[in-house]
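Visitor: Protein chains in written order, with the numbering used here: chain A, 32 to 283; chain B, 322 to 388; chain C, -10 to 217.
If you're looking for bench data, these hints aren't it; they were derived computationally from the structure.
Even for Gly, the Cβ is constructed at its ideal location relative to N, Cα and C.
It cannot be assumed that every hint is accurate.
[Unchecked claim] Not everything, but these chain A residues come out facing chain B in the computed CB check (under 7 Å):
#1 81
#2 86
#3 94
#4 137
#5 143
#6 145
#7 187
#8 254
#9 264
#10 265
#11 267
#12 268
#13 275
#14 277
#15 281
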Amino acid sequence: MSSWIPLWLHKLGSPPTFYRFAGSLRPWAMALALLLGAVGLYGGLVLAPADYQQGDAYRIIFIHVPSAEMSMFIYAAMGAAAFIALVWRIKLAEVVAMESAPIGAAFTFITLVTGSLWGKPMWGTWWTWDARLTSELVLLFLYLGVIGLYHAFEDRRQGARAAAFLAIIGIINVPIVHFSVNWWNTLHQGSTVNIFGKSKMSWDMLWPLLTMMLATKFYYVASLFNRVRTDLLALEGGKDWVRKIAADEARS
Amino acid sequence: MNSLQTFFAMGGYAMYVWPAYALFFTVLIADTIAPGVRRRRVLRELRTRLARQSMRQNRPTPAPPSP
Amino acid sequence: MKRPGLATACTAMLRRDLTLAWRRRGDIAMPVLYALIVTMLFPFALGPEDTLLQRIAGGVVLVTVLLAMLLALDAMFSSDIEDGSLEQLVLAPQPLALMLGMKILAHWLTTALPLIVIAPLLAAMLHLPGAVIPVLLLALLLATPLLSLLGAVLVALTAGTRRSGMLLALMLLPLCMPAVIFAAGAVAAAQQGLPWLAPIAWLAAALVLAVVLAPLACAAALRIALDA
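Throw the hints in and build the complete structure from the sequences for me.
Guide: What follows is the structure, given as structure tokens:
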């Protein structure tokens, strides 16, 4: 591989090194996620005042918007890992891409359900065929397609590469869907819903939101490391370092 | 006590706000637990495979049946 | 030995696939029958009022054609994988993308073209006004090759797996949504007397892009899926 990539990155790409690295970093990421989450939720649920238009229902924003942001952020991360996996055939990148998909699907699912729980009291409907909502639903289908394709193969690495290819096709697809549904809305003159309103958020509401966004990022890192570690154990079952871990854990 | 009640009432939107939060935490907790369960299963299967292999190595392998 | 030219290889590929399809004429009729039956069910499910059927006719015909194509998509490469000729194609000196493009063309000719031919009949069953039918046909002529090309990439990705029917639907649905929106949008606009050229132009642009990119993506996907 090219020489401009520092040596420590090569080392990090080897499964046993990454296993140890992720294992030592994961508790810190999880602790930060829990701490920031607790602070953000206290600020959002207790300290922040009720919205003058939406009352207390707007408090769903503190989980809905971070989840929506994560659903796209994780897709971008998965796409980047998928690209690396396909171009350089790095096993770790395959694992990262494939283990990101369930986390992203979980956040997308949360976004959809909390969104309709928020939409019911505010717009009077659980669902509307708005570009943003439809894109989110398509994103969920893309995640499920990637997960399904990965598991359809008997050979895990081959499945990972095929699913990585699908993930990259999906990246091109999401903006097209968003654009086409916007166009479709202008044709059908459906119910126009203004999701966030024009008013700027006050700082009292903004800081818990930003804190929650940061908390979900750390949660993603913690959950991803957890999943990648497990998957590496399953993939490298025949190697010595995994046997050592298995033997050590039987003794304790 | 009263302030706690108003907090849980969420200005009349309790039936929308709390299920949303409940779902958020349920999904994320499930997402955290699942790899741990899988990890234990993977290691258990690996240990049984290793035990089987070491048993086979200690005993001489029977000659394969001639075709 | 002199290597035959690209044009020869392309026509040979096309002729082979069309001959194979002709030997199994019954399979060509199946999607058409399926589309007829599905369209027939709508008046029975929704009632025979003309105005209601007219309103949904364009969308129903498009979705029915899409589902019928999805049904036939699975078979695009399956027989070639079974008898190993697809692996020969991958090893052949001719560019794989071009050969796959020919296969996709043959598949479109044998599954989508019959559906387009009976589309006026399907539309008439739902009382779509005669003036709209040319727009419907134009939309189908642009949307069906797009679906064939996108579907081919996904079929190539699932080539190495055994069960792929439902998975294919799950993967194709998000990809084909824009095509359905624009095709149905053109028909709806024509029905309301609005200008319908813009969505048709978008479909044509997407088709041009797909004609160039999809065979390449299909070749890449096939190499991944067959690389055991």
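Visitor: All hints are to be evaluated individually against the structure, with a verdict given for each.
Guide: Tested hints:
{"no.": "1", "hint": "81", "result": "holds (6 Å)"}
{"no.": "2", "hint": "86", "result": "holds (4 Å)"}
{"no.": "3", "hint": "94", "result": "holds (5 Å)"}
{"no.": "4", "hint": "137", "result": "holds (5 Å)"}
{"no.": "5", "hint": "143", "result": "violated (10 Å)"}
{"no.": "6", "hint": "145", "result": "holds (4 Å)"}
{"no.": "7", "hint": "187", "result": "violated (13 Å)"}
{"no.": "8", "hint": "254", "result": "holds (6 Å)"}
{"no.": "9", "hint": "264", "result": "holds (5 Å)"}
{"no.": "10", "hint": "265", "result": "holds (5 Å)"}
{"no.": "11", "hint": "267", "result": "violated (10 Å)"}
{"no.": "12", "hint": "268", "result": "holds (5 Å)"}
{"no.": "13", "hint": "275", "result": "violated (11 Å)"}
{"no.": "14", "hint": "277", "result": "holds (5 Å)"}
{"no.": "15", "hint": "281", "result": "holds (6 Å)"}
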